[in-house]
Structure formats: C-alpha cells, structure tokens
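Colleague: The residues making up each chain are set out below.
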Amino acid sequence: MRIIFLAYFLTLSVLCQAKTILVGKNHPLKSIKAAIAQSSDGDTIVVQSGTYKEGRILINKQITLIGKHFPILDGENKSEVISINADNVVVKGFKIQNSGHAALEDPCGIRVYDKSNVTVENNILDNNFFGIYIQNGKNCIIKNNTIKAYGKEEQLIGNGIHCWKSENLQIIANKISGHRDGIYFEFVTNSVIWRNISSNNIRYGLHFMFSNDDSYITNVFKNNGAGVAVMFTKNVKMFNNYFEENWGDSAYGLLLKEIADSYIFNNRFSKNTSGIYMEGTSRIKVEKNVFESNGWGMKIQASCMENEIVNNNYLKNTFDISTNGSLVLNTFNSNYWDKYEGYDLDKNGIGDVPYHPLSLFAVLTETNPSAMLLYRSFMITLLDKSEKVLPSITPDNFIDNSPLMKSLPL
Amino acid sequence: MNRIIKIILLDILKNKIVLGYTLILAILSWSSFALEDNSAKGLLTILNVILFTVPLVSILFATIYLYNSSEFIELLLSQPVKRQKIWLSLFIGLASSMVFSFLIGAGIPLLINSPDSIGFMMIIVGCLVSVIFVALAFLSSILTRDKAKGIGIAIMIWLYFALLFDGMVLFLLFQFADYPIETAMVGITALSPIDLARIQILLHLDVSAMMGYTGAIFKDFFGTALGLTVSFLLLCLWAIIPFFISLRKFNRKDL
Amino acid sequence: MIHITDLNKKFGKLEVLKNVNLNCNKGECIALIGPNGCGKTTLIKSILGMVLPDKGQITFNEKSIKNEYLYREKIGYMPQIGRYPDNMTIGQVIDMIKRIRNTNQELDQDLLKAFELEKMFDKQMRTLSGGTTQKVSATLAFLFNPDVLILDEPTAGLDPLASEILKEKIIKEKEKGKLILITSHLLSELDDLITELIFMQEGNMLFHKKIAELKTETNENKISKAIAKILKRTKNEPNH
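Protein chains in written order, with the UniProt record's numbering: chain U, 1 to 410; chain C, 1 to 255; chain S, 1 to 240.
Don't read these hints as lab results, they were simulated from the structure. Just to be clear, a hint being listed does not mean it is correct.
Unchecked claim - With a cut-off of at most 27 Å between alpha-carbon atoms, the simulated DSS-like pairs for lysine-lysine come out as follows:
hint: 1; chain 1: S; residue 1: K98; chain 2: C; residue 2: K253
hint: 2; chain 1: S; residue 1: K63; chain 2: C; residue 2: K85
hint: 3; chain 1: S; residue 1: K13; chain 2: C; residue 2: K249
hint: 4; chain 1: C; residue 1: K6; chain 2: C; residue 2: K253
hint: 5; chain 1: S; residue 1: K98; chain 2: S; residue 2: K169
What the hints assert, rightly or not - What follows is a set of in silico ranges between Cβ atoms, one per label pair, in the way DEER data are often shown:
hint: 6; chain 1: U; residue 1: L390; chain 2: C; residue 2: G152; range: 31 to 39 Å
hint: 7; chain 1: S; residue 1: N145; chain 2: C; residue 2: N68; range: 27 to 35 Å
hint: 8; chain 1: U; residue 1: G50; chain 2: C; residue 2: T229; range: 52 to 60 Å
hint: 9; chain 1: S; residue 1: D191; chain 2: C; residue 2: I155; range: 48 to 56 Å
hint: 10; chain 1: C; residue 1: L234; chain 2: U; residue 2: L329; range: 44 to 52 Å
hint: 11; chain 1: S; residue 1: G37; chain 2: C; residue 2: I155; range: 29 to 37 Å
These numbers come from a predicted model, not from an experiment. Even glycine gets a Cβ: it sits at the ideal position worked out from N, Cα and C.
I would like the entire structure built from these sequences, with the hints used as guidance.
Modeller: Structure representation (structure tokens):
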C-alpha cells in the first residue's frame, strides 16, 4: 500500500513538473532549437505555423514535439531535418522538407538513432532524401504520414520509410510516393505494416530483406518500378494487400526470393507484368488470392518446392502460370481458372477433367521471349489447343486436379 | 460515281450472304459476351473473328462478287462511264458493305460490352481488316479470268496471312533465337496485315504482358504514338496498294 | 466520224487485228463481215474502248478515244451475246442504264414498244430466252438516240418478226443520217440495209467497198454472190 502511494506521488510530481513550451512568431521563443534546449524530459513543445530554417534539429530529450497547422521545417537542401536521439519522443503535425541529397551520410526527414518507443505521426514529408529512417529502433510507431519525393533515378533518392535492424515496429496508414523504395525493411522482426499506400516509387513499393516474423496487411502497392520484393526471409504473413499496375520487364506484383514458411492470403494482384514471381521459395501457402489481368499470373521457377496454391481465382491473365523447368514440386488445387474449358457432369462445382494451367506458348516465350510477337495468332491457338489435349512439351504433372467451375467470391 | 455506288450497294444488300454474315457476327459476339462472366472471353472471340472470319469472308465474298459482276462491268463499259469509276465504285460498294456488316454485327456488341480503348481499337482494326481483304480480293480477281482460279488465289492469300505467315515467323524466331532479331521481327510483322492488326489489339488486350515484355520492342515501337501511327499507316497501305495494282491492271484489261 | 489507223491487237500469240485501217462517216451503213474469229468483234470492242489495242489509233470525231469515255454517249452498242446481271429485272436494267447515262434527252422508245418489253419489265434477266435478251440489248442500243450504232450480230436469235422490226428501225435511223456498223454472217439479211461492206479475214481487212461499186464490179445483184465472186478472184490471184 505504501509503495502504491509512493508511486502515485512520484508520477504526480513528474506530471507537475512537465510543462508546455510554445514556439512561434507571437511567442517569446522563436526557435525550436532554443525550446528544446530549455525543455526537460516529459515536456511538450508546441510549434505555431510558420517556416523554420534551423538546420538539423536534434531531439535528445524525451519530449513531445507538436506542430500546429503544419509548421514547415526546412532543411534547405543542406542537412537532415529532425534527428531523434532519445526514447519516448513524439513528433506530430509538421511539414518536413528539403533534407538535401548526399550520397555518404543519407540525410533524412526524420531519423531515429537506436531508440525505443518513438512515435512519428501525422507529418507531411516533402522532397527529402530519405523520409523516415529508423535505425536499430524498438517499439516505434510511424503513423499517418504523407511521404513524397520526386526521385528520377534509383541512385539519387533514398527510401520513404527505411527500417534497419529493428523490432516491434508499427507502420500504419502512411502514403508514400516518389522514393526509391516505398518501405524498406532489413533485419526487422516482429513488425507490422498496415494500411499503407505505396505508389509510384522508383524501385519497390515494399522491399523486405532478412526480416522474419513480420506481417503486412491491407496495403496498396501500385505502379511501382518493380512491385514488391520479399527476400531471404521466413515467416511472413501477407494478407489483403493490393498489388497493382507494376509494369516492366523485371517488374512483379510480388517478388518472392528465398522465402520459406509464409502465408499469402486474400490479396489481389491485378495488371502486373507478373502477379507473383517465385524463386527458391518453399513451404508457402498461396490461398484465396485473385490474379486478374496480369501478363503472367504466377511465374514459378523450378527452384521452388512444396508450395501450395489453393482456392485462388485466375481471371483475364495473359498467362496464368509459367515456369522455366520441367520439374514440378508444387501443388495446385481447387483454383478457378477462367481459361478452363472442362465440364462438370456431376454438378459438384468441380470440373471433371483436370486442368493444365501451363500453356505451351508460356513455355515457348520463356525460352524465346520474342515469340510474344505471335501471341493469340491463330496458329499459336491451334498449337496450344493440341498441347492441352496431348501434353508433349509441358510437364504433364503440372496440373490442377480439381479446378473450380465458378470463380470464388473474393 | 454516286449513282453507280448506289446501284452496287443496293445489289449487295439484296445478296443474302452479306445479311447472313452480319447475323453470324452478331450471334457470335452477343453470345460470347452473354455466356461468360468476364468480358475478356467475349473480346477473345471477337479477336478471333477479326483475325480469321472477317478476312476469309471479306476476300471470298468480294472475289466471287467481282466474278459474278463481270456482265455488269461489261455492260457499264459500253456506256459513257470511266473505267476507273467502275472499279472504284465496286471497291467502295464492297468495302463499305463489309465494314457496315462488321460494325452492325460485331461493333455494336463491342461498344455495349466493352466501351473502352480495347473495344474501339477492335472496331477500328476490324473495319481496316475488312477493307484490306476486299482490296486483296480485287487483286486476286484481276489476276486471272478464270473464276475457279481466282477464288483459289483468294483462298491461298487468306491461308497465307492467317496461318502460314505466322508459322514462318515462328520458325524464323526459333531458327535465329541466338541472334538479335527482335527489331527485324517488328519489320517482318509489317508484311502481314493480320499480324499488324493482331498486335495493335494485343497491346490493349494483354497490356500487362505486352508492356512488360522483356525485349521491350513492343513498348518501344508499337506502344508509342509513332508506332501506332506507323502501323495504322501500314494497314492503310495494305488496303491502298493491292487496290491500286488491281486498278492499273483493270485499266489495261481487255473485256 | 470514226477513223482507225494501223490498228494491231494480239491476244497472247494470236494476232487478232493486223494493221487495220478504216474510215466511217455519217450516213453510212457499214456491214462488217467475215468468217468466225476474223476479228470483227475485237474491232468493235476496240472502238468501244473495251479492248485496248497494242498499236494504232482510233479517233472519234477527230479526237483520240484513248483514255476517253464521254464519246460513248454518242454510241449505242448491241453486243453479240448480251450479258446482264442475273438477278436484275428488265425494268431494273433499263432503269439502271438510264440512271448511269443521266441524260435529259428525249428517249427513243420505239423498240421498247415494238418488242412489247414493258409487259415483261419485272422478269429477271436470267429467266429470259436468248431472243428476248437480244431484244433488250437492241432496245438499250437505240434508247438514247446515239449518232453511231454498233450492232454485233443484231438479228441472230431474233424471231423473223422481231428481226423485221429491228431492220426497219435500222433503216429509219440510217435515213436520219446516223452511222451504223453491223456485223453479221447472214448476208441475205443485209441486202436492203447497207451502203458499204467490209470483209475481214484472219485479222486483215480484205476489202472495203461501196455496195454500188461492188455490184457493178461483179455484175451481181445479190451481195452474197458478189462477195463470193470477189473471194474466188482473190483466191485465184496468187495462182496466176
């Protein structure tokens, strides 16, 4: 009992000490740096609207920094704008711009150095080299930020949200465009990426490496240079995401490379050059996804094994499936293929004839891409039809034994 | 001129074949759109119609019609009518009736079921293909006086463009797979109107695959405004050149 | 009116016309005769521009007919075998030609009435007998009051009555001062019609003479006999 009282008084005393410092034209304090210098842990600094050109603002105390009506923090293309070097910092409601470009030191809009419990919320980041950079952070939240840059070349721009060697991050509801990678994860574990929109980035919408046990849910990845890449990772859950309009000769809705034990559920892949490209992937379950209007629904390289592809809809794709070898170590079951031409005499909703999703022409173009020139020509259609009846070039165990007659309501 | 075109158009309209052709196109298009739950299969059916049926019917019907109207041509020639006018009127009459059939049979369902760039592209290309194969029919019918031979030539032309040409291209592609022949291949497609037409439609229908294609020849040539213009010009040439050759021959023909 | 100089035409290797020269003037009624395949029809078709000569020139009213077509307004042509679009009716054919010619000129409907074609106006061309087709051809040739009439075997296939009607019509037109060119191998038919005679053989024009001249020369009253006499003479000539 006494201990509880003691704790109560202690917190009360801390709260009493915590003060609010106002910064702005109409206040005695005109500079944020000065305000930080005056503050102590637990204080709140409220910044009025206006433009603040103070160079690199270093936050080294556990404070809350709040902008009213989006005050502009301008790095004047010379320096990083906000550096967070303390735990429990909150940065909220700023417009952070012009961090400058430099190859060696990676200037950022906001950078967190080896700290925990940092929250970056409701900011607008405009024309920064890196947007938000979390280095060795724990339990950080990045929420509701709009991150925009105008990169033209991969080498001349950094990532929107860059996370390195961190854990327990929450990346929620950000909008990222024009960076190199929209969201970049390297050695990040136990984190969640939720409700973000990553579009028009030069390389990947989401770039994911050596990051185990993460999930990303309900994000939109649209029109990025090469789509989304998930590589060298285990135990990733990808749910309810949209992968759209990623076009290019090496562009994918989702690139899976050296991945194991992951679950891809209820995503929509539409209008990508390749919906999913798999290489060295094993023990993945791809379930209840929609592949629509892609060039290639899935490209499964021969190095993939023990993957299960179940209950997906394949609609209006140029090719549903393509592969580069004849070895088939993956299973296809109960998918809906709009190119299926079989029948269902017993009316159980499952086609009575197995479906070969791999077309002859998909194999031909894999060896000789120029053959694409002849696609849908009458001769190719004839060849494809005869191959379907009597498989000779395509592996005959590449098969869906229970194709659905009607598309799944996804 | 208009008087003669009018006479020819009326005569063609009386012909049951054109009506049947329109009806078949309409049935094919409507049913393929109605039966499938996505419009892609309907579009594919119409694509095959454009690449297969339209050329065949256009070239065969026009060739046979030309042979059957030899009396008519002879009759007109003894009248004060310019030779060119007779041939041109026949061409306009036949081409416009084939285009009209296509527009009614396949164009309307396309507009209703797919009122986007694919639909419009298909309509334009289908009309062009109709005109081109009517022009080729004029060429094949002027080459020989013998009706059976003329129809044979027409069928050969169709077979060549619909099947053999693509077979040759496929053969070349694999024979020279180790060489950088992609640009040459773009040039080779110009040698077949059906291929030109097909690629223009594919660029809209299979846009994801085409735009992401490795060699990028599609994106860099056919996908650009220049490529589009060039391929449409080429398609027009495919209609104009055969017809003009036939016109020159007709001007020098003894009847 | 029509001048032909050095006309040559080959069909493949076959020389159909060899250096044909011919002058035809207003008011003449010329018979073009000769054995089958002697080039009569080709000559006529050359004048009409349906056959294009290899060499030589044809002028109509002092103007070359090459690449011209308007001169055909002044010609009425009755082909040897009239070929018409099968599925058109007599009325439609006549109507179509009227529309193509598009003249405001008064039409000569004598033959239309004389042959009683109006009764058969909705008969299709393919159902017609050869004779009726010829009647249609003749009607069309005379319909537009042309200055020149070119009749290829006009009476072949016509019944005697129709034949007589046509002959009378030809005489009537001749008296109006028109140029009339007739080919035929039935010489007796032509006796009371023609003023001049051309005999062709293997693409050559053997002779071109006025009838009166011919008759006095041979002392024969019948044209057929006169011709036979001349032919015999020319045949024998090389033997002398």
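Colleague: Is the hinted range of 44 to 52 Å satisfied by the C-beta distance from L234(C) to L329(U)?
Modeller: holds, 47 Å
Colleague: Regarding the pair K13(S) and K249(C), is the alpha-carbon distance no greater than 27 Å?
Modeller: holds, 20 Å
Colleague: Would you say the C-beta atoms of G50(U) and T229(C) sit inside 52 to 60 Å of each other?
Modeller: Since the Cβ atoms of G50(U) and T229(C) sit about 53 Å apart, the hinted range of 52 to 60 Å holds.
Colleague: Below or equal to 27 Å on CA atoms is what counts here, so check K63(S) against K85(C).
Modeller: Distance ~21 Å between K63(S) and K85(C) Cα, so the pair holds.
Colleague: Range first: 29 to 37 Å. Now tell me if the beta carbons of G37(S) and I155(C) are that far apart.
Modeller: holds, 35 Å
Colleague: Looking only at beta-carbon atoms, does the pair D191(S), I155(C) fall within the given range of 48 to 56 Å?
Modeller: Hint holds: Cβ distance 55 Å, inside 48 to 56 Å.
Colleague: Please work out if K6(C) and K253(C) have their alpha carbons no farther apart than 27 Å.
Modeller: holds, 24 Å
Colleague: How does the Cβ-Cβ distance of L390(U) and G152(C) compare with 31 to 39 Å: does it lie in that range?
Modeller: Because 33 Å falls inside the window, the suggested range holds.
Colleague: Lying within 27 to 35 Å: is that true of the beta-carbon distance N145(S) to N68(C)?
Modeller: holds, 32 Å
Colleague: Is the hinted pair K98(S) and K169(S) satisfied, with a Cα-Cα distance of at most 27 Å?
Modeller: holds, 21 Å
Colleague: With a cut-off of 27 Å on the C-alpha distance, tell me whether K98(S) and K253(C) pass.
Modeller: Distance of about 26 Å is within 27 Å: holds.
Violated hints for the displayed structure: none, as all numbered hints are satisfied.
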